[in-house]
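If you read the sequences in order, they're chains A and B.
Our numbering numbers the first residue of the first sequence as 15 and each following residue consecutively.
Our numbering numbers the first residue of the second sequence as 15 and each following residue consecutively.
Among these hints, one or two may not hold up.
Because identical chains share one entry, a pair is satisfied inside a single copy or across any pair of copies.
Okay, derived cross-link-like pairs now, BS3-like style, lysine-lysine, Cα gap no bigger than 30 angstroms in a straight line [what the hints assert, rightly or not]:
# : residue 1 : residue 2
1 : 171       : 220
2 : 137       : 291
3 : 137       : 52
4 : 32        : 220
Please keep in mind that the hints were generated in silico from the structure rather than gathered at the bench.
Here are the chains, one letter per residue:
There are 2 protein chains.
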Amino acid sequence: MSIIGVGLLGGSIGLAVKASAMGCRVVGYGHRATTMAKALEVGAIDEAAASIGEAVQGADLVVLCTPVGLFEQNLKDIAALLERGAIVTDVGSTKRSVVRLAQTLLPQHVRFVGSHPMAGSEKRGVEFARTDLFQGARCITTPTDQTDPAALESVEKFWQTLGMRVTRLSPEDHDRLICDVSHLPHAVAAALVAMQDDAALPLAGKGFLDAARIAGGDGGLWRDIFLDNRDHLRASASRLRQTLDELLGLLEPGREEALRTWLDDAATRRERLVQQKLRELNPD
Amino acid sequence: MSIIGVGLLGGSIGLAVKASAMGCRVVGYGHRATTMAKALEVGAIDEAAASIGEAVQGADLVVLCTPVGLFEQNLKDIAALLERGAIVTDVGSTKRSVVRLAQTLLPQHVRFVGSHPMAGSEKRGVEFARTDLFQGARCITTPTDQTDPAALESVEKFWQTLGMRVTRLSPEDHDRLICDVSHLPHAVAAALVAMQDDAALPLAGKGFLDAARIAGGDGGLWRDIFLDNRDHLRASASRLRQTLDELLGLLEPGREEALRTWLDDAATRRERLVQQKLRELNPD
Chain A
15 MSIIGVGLLG
25 GSIGLAVKAS
35 AMGCRVVGYG
45 HRATTMAKAL
55 EVGAIDEAAA
65 SIGEAVQGAD
75 LVVLCTPVGL
85 FEQNLKDIAA
95 LLERGAIVTD
105 VGSTKRSVVR
115 LAQTLLPQHV
125 RFVGSHPMAG
135 SEKRGVEFAR
145 TDLFQGARCI
155 TTPTDQTDPA
165 ALESVEKFWQ
175 TLGMRVTRLS
185 PEDHDRLICD
195 VSHLPHAVAA
205 ALVAMQDDAA
215 LPLAGKGFLD
225 AARIAGGDGG
235 LWRDIFLDNR
245 DHLRASASRL
255 RQTLDELLGL
265 LEPGREEALR
275 TWLDDAATRR
285 ERLVQQKLRE
295 LNPD
Chain B
15 MSIIGVGLLG
25 GSIGLAVKAS
35 AMGCRVVGYG
45 HRATTMAKAL
55 EVGAIDEAAA
65 SIGEAVQGAD
75 LVVLCTPVGL
85 FEQNLKDIAA
95 LLERGAIVTD
105 VGSTKRSVVR
115 LAQTLLPQHV
125 RFVGSHPMAG
135 SEKRGVEFAR
145 TDLFQGARCI
155 TTPTDQTDPA
165 ALESVEKFWQ
175 TLGMRVTRLS
185 PEDHDRLICD
195 VSHLPHAVAA
205 ALVAMQDDAA
215 LPLAGKGFLD
225 AARIAGGDGG
235 LWRDIFLDNR
245 DHLRASASRL
255 RQTLDELLGL
265 LEPGREEALR
275 TWLDDAATRR
285 ERLVQQKLRE
295 LNPD
């Protein structure tokens with residue numbers, strides 16, 4: 015199999031595949047020689063390809079792990095070199111665009127399945143790659159009516175072997191729902207940091223640091239995601255504004271009980287989510 | 015000393031005082047008998063007073079640890095019973111109102127100092143009290159020109175003995191700055207949870223859980239804080255909206271580099287804050 019882009023995610027896929035019983039040879043490609051050397055050193059890949067074309071030749075499975083904004087170029091670069099029957103998937107945080115691009119750019123004899131393994135970190139680079147990064151986390155696959163069912167099953171089995179729970183969504187549903195639970199929270203966390211006075215920031219406690227943690231991601235990666243999903247991001251932000259206005263509207267005399275109930279409801283909803291996640295991670 | 019309201023904070027103060035070299039007797043008062051029994055059982059207090067009045071009689075230091083909305087009643091209840099020279103402080107997350115109330119309601123022979131020890135948890139109740147809750151965290155004191163300097167020093171020394179770093183701010187600066195780093199982030203976290211579709215929430219990952227953690231606090235406590243600081247909360251929310259609009263404005267063709275820089279700047283600012291906090295906690 016081939017991993018295109020050997021950073022935190024690509025490197026962790028390599029480590030996890032090699033730790034699994036799959037027993038397949040992992041070929042990696044990245045444009046920085048230092049990254050390739052590091053990936054070989056930590057054992058994330060067996061072989062560093064000299065070019066993206068060389069990386070995919072003979073591969074049964076190719077996983078695109080570059081930033082979302084590079085997928086178009088990646089697909090163009092590999093389209094003519096992929097084996098007949100090869101399966102291509104990706105790890106992008108947006109799915110409409112890559113699914114559309116794959117349908118347009120890849121030849122008929124290649125099978126594409128969109129994937130979004132929801133694991134990661136605000137850290138970046140193969141030096142932070144971890145064998146267990148995907149363990150217990152969710153992977154969303156985004157088949158369309160053009161997706162080959164056998165390829166879909168293979169890709170889902172691949173993520174399951176890495177310890178992931180797989181959920182299927184349409185590319186459209188994926189981008190809309192993930193915007194609400196991931197892209198918007200990232201934008202809000204970044205805005206919460208950006209709006210602070212220099213006098214306020216040193217007063218921040220653990221709560222603020224937790225709330226702002228997701229704002230620590232790489233600007234280039236998130237730029238690509240935000241631009242690719244900008245229609246949903248605008249719509250989600252507008253719904254957040256409405257919800258916040260609803261809350262602020264309760265800061266009026268006579269609404270004390272409604273305000274308390276509103277805050278308790280949010281706390282309860284969050285607590286239920288935490289309990290659900292704990293059950294998912296510890297099913298016994 | 016007396017602790018009025020023996021929940022997570024009051025109970026942790028009791029545990030920390032008794033673990034310290036202060037060697038003073040801790041009298042607690044809470045309106046629930048079960049809480050008092052639990053507080054005695056975990057060793058957070060030496061004695062459970064039968065009434066708030068009994069709790070403060072003879073006390074050199076009284077710490078109000080009830081929700082912000084109860085301070086007015088607490089001060090009225092204890093005003094006539096406090097010893098000459100007694101020091102009263104509190105742990106409230108807002109400071110303008112309690113400082114004003116103390117100036118109005120307490121007799122001249124009693125000295126009040128506003129405090130905000132910035133430690134806590136989304137958990138609630140004396141059963142979660144911890145001896146080390148305050149260790150390494152910040153406490154803000156809010157003296158005014160009417161504050162007795164010796165009482166201010168005593169109160170600051172008290173928090174320092176519990177392991178806290180003390181910062182002085184005016185009540186007004188406190189409420190404005192803490193709104194930005196604590197009250198607004200709480201409101202936003204609650205709104206992020208409240209706005210979610212039932213279909214989106216199960217897709218939430220670790221990033222969302224972290225961002226939403228502070229929304230887990232008790233609705234009654236936060237209702238009081240929001241109502242007491244509503245002017246600042248509205249102003250802070252409005253500034254967040256502007257900052258978010260600024261970010262969304264960069265989702266336009268030709269602004270790609272500016273968007274990346276904006277996101278990288280927020281990530282860098284957050285990272286600097288994390289490093290600063292780590293240095294504060296591990297000064298060596």
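Hint check:
1. Proximity of residue 171 to residue 220 under the C-alpha cut-off of 30 angstroms is restricted to the inter-copy arrangement: shortest distance 23 angstroms between copies versus 39 angstroms within a copy.
2. For the homomeric pair residue 137 and residue 291, the shortest alpha-carbon distances inside one copy (22 angstroms) and between copies (18 angstroms) are both at most 30 angstroms.
3. Only within a single protomer do residue 137 and residue 52 lie at most 30 angstroms apart by alpha-carbon distance; the minimum there is 16 angstroms, versus 43 angstroms between protomers.
4. Proximity of residue 32 and residue 220 under a CA criterion of 30 angstroms is satisfied inter-copy only: 25 angstroms between copies versus 37 angstroms inside one chain copy.
No hint from the list above goes unmet by this structure.
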